[in-house]
Structures are given as structure tokens and as C-alpha cells.
Amino acid sequence: MGKMVPRLGLLDWMKSPSAERGLRFLGEDGTWQTLSFTDLAARAGGTADHLRRNYGLRRNDVVILLHHTGPEFVASFFGTLAAGGTPSPLAPPAAFSDTAQWVEHAAHAIGAARARYVITDPQFAALARQATARSGGQCEVMEPSGICIDPAALEAAAPADLAILQFTSGSRGAVRGVRVSWENIETNLEMIKRWIVVDSIGATWLPMYHDMGLVGCMILPVVYQMNNGLMRPDQFIQDPKGWLAEYGRHGAEVMAMPNFGFDYVVRRITPESLHGMDFSQLKVIVTGAERVRQSSLNAFYRLLGPHGLRWEALQPAYGLAEATLAATGVPFGESPRAVAVPAGSERMGFPLEIRAVAKSLQEVLPEVAPGSSWHVSCGRPLTGNSLTIIDDHGASLPEAHVGEIVLRGPTVARGYSGDQSHTSTRFEGGSLYTGDAGFLHDGELYVLGRIGDMLQVRGRNIYVEEVESMLSQHGLLNTPRSMVVAGFHSDLPTVLVLSQSRIDADKAEQAAHSVSKIVGTGVHVCVRRVPPNSIKVTSSGKPRRRVTWQLVTTREVDSEPIACITPGTPCLKEK
1 MGKMVPRLGL
11 LDWMKSPSAE
21 RGLRFLGEDG
31 TWQTLSFTDL
41 AARAGGTADH
51 LRRNYGLRRN
61 DVVILLHHTG
71 PEFVASFFGT
81 LAAGGTPSPL
91 APPAAFSDTA
101 QWVEHAAHAI
111 GAARARYVIT
121 DPQFAALARQ
131 ATARSGGQCE
141 VMEPSGICID
151 PAALEAAAPA
161 DLAILQFTSG
171 SRGAVRGVRV
181 SWENIETNLE
191 MIKRWIVVDS
201 IGATWLPMYH
211 DMGLVGCMIL
221 PVVYQMNNGL
231 MRPDQFIQDP
241 KGWLAEYGRH
251 GAEVMAMPNF
261 GFDYVVRRIT
271 PESLHGMDFS
281 QLKVIVTGAE
291 RVRQSSLNAF
301 YRLLGPHGLR
311 WEALQPAYGL
321 AEATLAATGV
331 PFGESPRAVA
341 VPAGSERMGF
351 PLEIRAVAKS
361 LQEVLPEVAP
371 GSSWHVSCGR
381 PLTGNSLTII
391 DDHGASLPEA
401 HVGEIVLRGP
411 TVARGYSGDQ
421 SHTSTRFEGG
431 SLYTGDAGFL
441 HDGELYVLGR
451 IGDMLQVRGR
461 NIYVEEVESM
471 LSQHGLLNTP
481 RSMVVAGFHS
491 DLPTVLVLSQ
501 SRIDADKAEQ
511 AAHSVSKIVG
521 TGVHVCVRRV
531 PPNSIKVTSS
541 GKPRRRVTWQ
551 LVTTREVDSE
561 PIACITPGTP
571 CLKEK
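Residue 144 in full-length UniProt numbering sits at position 144 of the sequence shown; the count goes up by one each step and never skips.
Wrong hints could be hidden among the right ones.
[As the list claims (entries may be wrong)] DSS-like, lysine-lysine: derived pairs with alpha carbons at most 30 Å apart:
#1 536 <-> 507
#2 283 <-> 241
#3 241 <-> 542
#4 359 <-> 517
#5 536 <-> 241
#6 542 <-> 283
#7 542 <-> 507
#8 517 <-> 542
#9 359 <-> 283
#10 517 <-> 536
#11 517 <-> 507
[Unchecked claim] Label-pair distances were calculated between CB atoms; the ranges are:
#12 360 <-> 137: 51 to 57 Å
#13 388 <-> 104: 35 to 41 Å
#14 30 <-> 100: 29 to 35 Å
#15 488 <-> 30: 47 to 53 Å
#16 152 <-> 60: 21 to 27 Å
FYI, nobody ran anything at the bench for these hints, they're computed from the structure. Even glycine gets a Cβ: it sits at the ideal position worked out from N, Cα and C.
Make the full structure from the sequences, and use the hints.
Pasting the structure below:
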């Protein structure tokens with residue numbers, strides 16, 4: 001699936017770090033600070049010495065990393081590894097709606113990890129101490145030493161059993177620590193490097209506490225000593241054009257972001273503002289972490305296509321923290337495919353009618369296969385991985401049948417830290433049962449959505465991601481301030497379209513009727529206005545549908561019905 005790539009150890013780069021290549025970090029003043037890999041190795045060496053000499057870190061101690069995206073995070077991550085510990089990144093307080101919620105989250109993570117230390121930026125130290133006290137464990141809070149030591153001068157430390165304790169986003173249930181081994185991460189890095197082919201990255205705004213940002217946008221370029229730029233998510237939100245200019249004006253080659261990133265860029269960037277930019281050097285656009293929407297990719301291409309962006313640059317992928325990061329991907333230089341199936345026909349365990357196959361998203365047109373749902377390919381398994389689709393009884397299904405995605409390979413993690421119950425994603429016999437629904441066609445994976453979020457009505461499966469995709473395509477859903485949730489309310493199958501933004505009554509009526517056509521009769525459909533902060537997402541921006549459903553249906557948050565469809569049935573009856 002790509003050129004030959006050497007497998008490198010996580011710490012090999014520290015033995016001969018490049019003085020010519022390195023990472024750039026975006027500062028508060030909008031300028032970039034460049035640190036060579038020689039500089040970063042010395043900072044990591046200083047952190048390793050600080051942890052062992054001043055704090056007595058022992059092999060296998062877990063160190064929580066609480067930093068903004070910056071040099072300190074890189075130094076703390078690799079310094080912990082070099083000292084014989086296991087790093088565990090934690091989302092900073094800014095990723096949560098209030099500090100009390102963050103303290104609760106952090107205390108849970110510290111306790112679940114049995115962490116010995118938290119290494120933190122000074123501005124987070126007081127909150128970190130609150131969280132450690134609440135966790136009930138013996139955990140010490142420290143700040144970076146700021147010293148630099150040549151790694152060659154360090155006394156060698158035996159590596160920890162785990163390379164990373166990576167906490168999940170929480171979109172698949174409770175937040176859990178994924179136990180990632182050295183083999184897991186080093187193998188996945190080799191797979192990804194072979195897959196994306198190129199020798200430099202670009203600029204990333206993805207958070208370092210999320211697997212896509214951590215593994216794909218920080219660890220990969222450091223281990224393979226590839227130039228890359230890092231900025232905080234809020235810096236991207238404030239100035240998406242500045243981030244985009246790294247590609248359009250400075251020739252960055254690799255871009256990676258989830259689907260909502262494409263929507264945000266299209267919403268914030270005008271075609272006129274791209275004057276003079278050239279995206280012909282942009283070779284790879286990796287998208288994953290959530291369902292890939294054909295309409296989002298098309299809109300992004302329409303914006304950047306006139307300035308040199310090629311369809312072949314788009315590389316949709318499928319992955320999750322439990323598989324370290326990447327599991328499948330569209331090969332380098334190939335256009336992502338899409339297939340059309342009858343709308344609403346995606347039933348677990350049943351065959352699909354493939355009405356049309358588009359070899360490029362350019363071929364996905366309204367007049368092609370009317371009345372169909374289009375699904376975008378996430379490519380084939382990366383070299384070394386394999387996957388199967390199974391039914392409810394665990395039996396393997398042939399191609400073009402809907403079932404649960406099961407992964408197997410050297411990147412499947414070593415399980416969860418602590419309680420593994422009450423999760424739809426599970427490790428059994430070396431396989432990863434993802435809890436995601438999908439199907440194979442011509443060897444390529446098509447992901448439908450979370451099995452736990454779908455609604456089963458009279459043998460049909462209603463995927464809320466599919467409903468969201470349809471609404472977004474027709475301009476009826478304003479992500480990320482909107483969400484579709486589904487379940488049974490008062491024994492009635494119900495689909496709720498929630499919006500924190502003002503919504504026009506006519507548009508709400510149109511949305512309700514559009515959803516009703518997809519879900520069929522007998523399903524209660526309601527478009528509702530909810531207050532700000534009622535739509536819950538994870539620290540990495542993924543929807544928390546079960547939590548949001550509970551808040552609305554139990555009336556813990558107020559909601560106002562705008563348009564409802566199910567004659568004779570009240571909309572979320574009063575208690």
C-alpha cells in the first residue's frame with residue numbers, strides 16, 4: 001500500500017536528532033517558534049532527568065500530561081518514556097464547559113490510571129491538585145523543569161510495559177484508558193508512514209490528548225523526524241484562514257482533521273479570501289475520527305478546487321484509540337469511492353443492494369441513483385491489519401452485508417485500564433469488537449455509525465449519522481450546534497433533531513418531513529430548540545448522544561418543539 005518504510009523505535013530519534021528539521025509551535029502573537037529535533041531531544045532529556053532524579057519516578061509509573069499544545073507537551077511525553085514511565089495525555093480545562101466538570105473528569109482519569117504524577121503547565125497546577133485530591137490516590141503534581149540535557153548523557157532506563165495510556169473521548173461510553181503497547185504504536189506508525197508516503201506533514205490543530213492528534217500529528221512526525229507545525233484547537237477556531245494559509249501559501253503537504261473541520265472551514269472561509277493561494281502541493285488530506293460525509297468533502301473541494309486541490313489528495317480513513325490510531329485508509333493517490341444504497345435499507349445482518357458505484361466523489365450527483373444514500377469508502381485495512389463484518393451472533397458476513405466491524409492485527413491495544421464493563425467496544429481473543437456498524441464492498445470498508453446510537457424499528461436500523469448527513473447536505477443542520485439523537489420515549493420510537501441556534505419554523509418543518517421520509521411511519525420526529533451547552537460533546541468534539549438524549553427526554557434541560565410529526569401524539573409529554 002506504499003513504499004518501504006523502516007520500523008523505528010519510539011526513542012530512536014533521540015539518539016541522533018536532526019538539527020535541520022523540527023517542529024513549529026504557534027504562539028499567542030501569531031508567530032511560529034521553531035525547535036529542531038536536537039532542541040526537543042534535549043528538552044525531553046531534561047524532563048527524564050527531572051522525573052527520575054527529583055521525583056523518583058520508577059519503571060511503569062503513569063505520568064498524566066496536562067499541557068497546552070506546545071514544546072512542553074512534546075518534552076513531557078518523550079521525557080516520560082525515556083525515564084521508564086508511561087505518559088497519559090489529559091484534556092486541559094478549556095476543553096470542558098466548566099471547571100467542576102473538568103475536575104471530575106481529571107479525578108476519574110487519575111484514579112483509573114493509578115497515576116503517580118501529573119506534570120502540568122503552571123496555570124493548571126491548582127486545578128490539577130484539586131483533581132488529585134478528589135481522585136483519592138497518591139499522585140504528585142509537578143511543573144516542567146525547563147532544563148535541557150543531552151539524551152546521550154542520561155543513564156539508560158528500562159522501558160515501561162505500556163507506551164501510552166490513551167484515554168478515549170467518551171463518545172463510545174464512559175472515558176476509559178486504552179493500554180497501548182510499544183509494539184502497538186511502533187507498528188501503527190510504520191503502517192501510517194507507508195500509507196501516507198510523504199516525508200513532511202503540514203500544520204495541525206488537532207488536540208494532543210486525542211489519538212488522531214497525538215499519534216498521527218505529533219508522535220509520527222517526531223519519530224520519523226518530519227517537519228510539522230502544531231497549534232491549539234482554539235487558535236484554529238479563531239483563525240481558520242491562518243491555518244489554511246500554511247497549505248495555500250507555504251506548501252504544507254499533509255492535512256488531517258475530522259469531518260466537522262471541513263464543515264467549519266467551508267462555513268468560515270469565503271472563496272474571495274483564498275485569492276493568491278495554491279493548494280496543488282497538498283498531497284494528503286486524512287479524514288477520520290467520525291463518519292465521513294460526502295457532502296462535506298464535496299463542499300471543501302468546491303472551495304479549494306479552483307486553487308489547485310486535487311480529488312486524489314482526499315484519504316478517508318477509519319480508526320480508533322483501541323486500535324492505536326489508523327486501521328484502514330484510502331491508498332495514496334487514489335480517489336475515494338462512494339456507493340449508493342436504497343435509503344433506509346441498512347439493516348444489521350442483511351444484504352445491501354448496491355445501486356451505483358462512484359469511482360470519485362465527483363461522480364456523486366443528485367440524478368445518480370435517486371432515493372439512495374451515498375456512503376464514502378474508508379479504504380482497505382492497512383498492511384498487517386485485517387477486518388471482518390459479523391452479525392448479532394458473531395458469524396462472519398459476506399460483502400455488502402451490514403454488521404459489526406471487528407478488527408484484528410498488531411495495532412489492537414492491550415485492553416482497557418480498570419473496568420471494562422458497560423462498553424460496546426470490547427477486546428476478546430485478540431480481536432477488537434468496535435461497536436461500529438459497517439459493510440465491505442470490493443474489499444473496502446464503509447462505516448455507518450455507532451450500533452448503540454441507532455434506533456431499531458420493525459426490523460429497520462435508523463442511523464442518526466445518516467439522518468445528520470442528509471440534513472447537512474440539504475442545509476437543514478447547523479453543526480456543531482445541532483445534533484440528531486434517537487431512542488424510545490414513552491415506548492414510542494423517537495428521533496429528535498436538536499438545535500442550539502435559532503431555527504426558522506419553515507425550515508424546521510422541512511427538516512421534520514425530510515427525516516420522516518427516511519425513518520418511515522410510526523416514528524415520532526421532532527425538531528426542538530435547546531438552550532446553549534445542552535448539546536453534549538466530548539473533549540475532542542465528538543457527539544455524546546446518549547447523554548444528550550437523557551438530558552432532553554428526562555427534561556433536565558428545557559426544550560421547545562418547533563416542528564413535530566406523528567399525528568395524535570404529544571411531543572415529549574409533560575411528566
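Problem set entry | Whether the CB-CB distance between residue 488 and residue 30 falls inside 47 to 53 Å | 50 Å, holds
For this session: Take the C-alpha atoms of residue 517 and residue 507, compute the straight-line distance between them, and say whether it is at most 30 Å.
Result: 15 Å, holds
For this session: Verify the proposed pairing of residue 283 with residue 241, using a straight-line Cα cut of 30 Å.
Result: 19 Å, holds
Exercise. Do residue 30 and residue 100 keep their Cβ atoms within the hinted range of 29 to 35 Å?
Worked result: 32 Å, holds
Exercise. Is the straight-line distance between the alpha-carbon of residue 517 and that of residue 542 30 Å or less?
Worked result: Holds - the C-alpha atoms of residue 542 and residue 517 are around 26 Å apart, at most 30 Å.
Exercise. Is it true that the C-beta distance of residue 152 to residue 60 lies inside 21 to 27 Å, as the hint says?
Worked result: 24 Å, holds
Problem set entry | Given hint residue 283 paired with residue 542 - CA-CA distance at most 30 Å | Holds, because 26 Å separates the two Cα atoms, which is no more than 30 Å.
Problem set entry | Hint consistency between residue 359 and residue 517 [alpha-carbon to alpha-carbon, up to 30 Å] | Holds - the C-alpha atoms of residue 517 and residue 359 are around 28 Å apart, at most 30 Å.
Exercise. Falls inside 51 to 57 Å, the C-beta gap from residue 360 to residue 137?
Worked result: 53 Å, holds
Exercise. Straight-line Cα separation of residue 536 and residue 241 no greater than 30 Å?
Worked result: Holds, because 27 Å separates the two Cα atoms, which is no more than 30 Å.
Problem set entry | Pair hint residue 517 and residue 536, alpha-carbon separation not exceeding 30 Å | Distance ~27 Å between residue 517 and residue 536 Cα, so the pair holds.
Exercise. Under the criterion that the straight-line Cα-Cα distance not exceed 30 Å, is the pair residue 359, residue 283 satisfied?
Worked result: Holds, because 19 Å separates the two Cα atoms, which is no more than 30 Å.
Comparing the model with each earlier hint shows no violations; every hint is respected.
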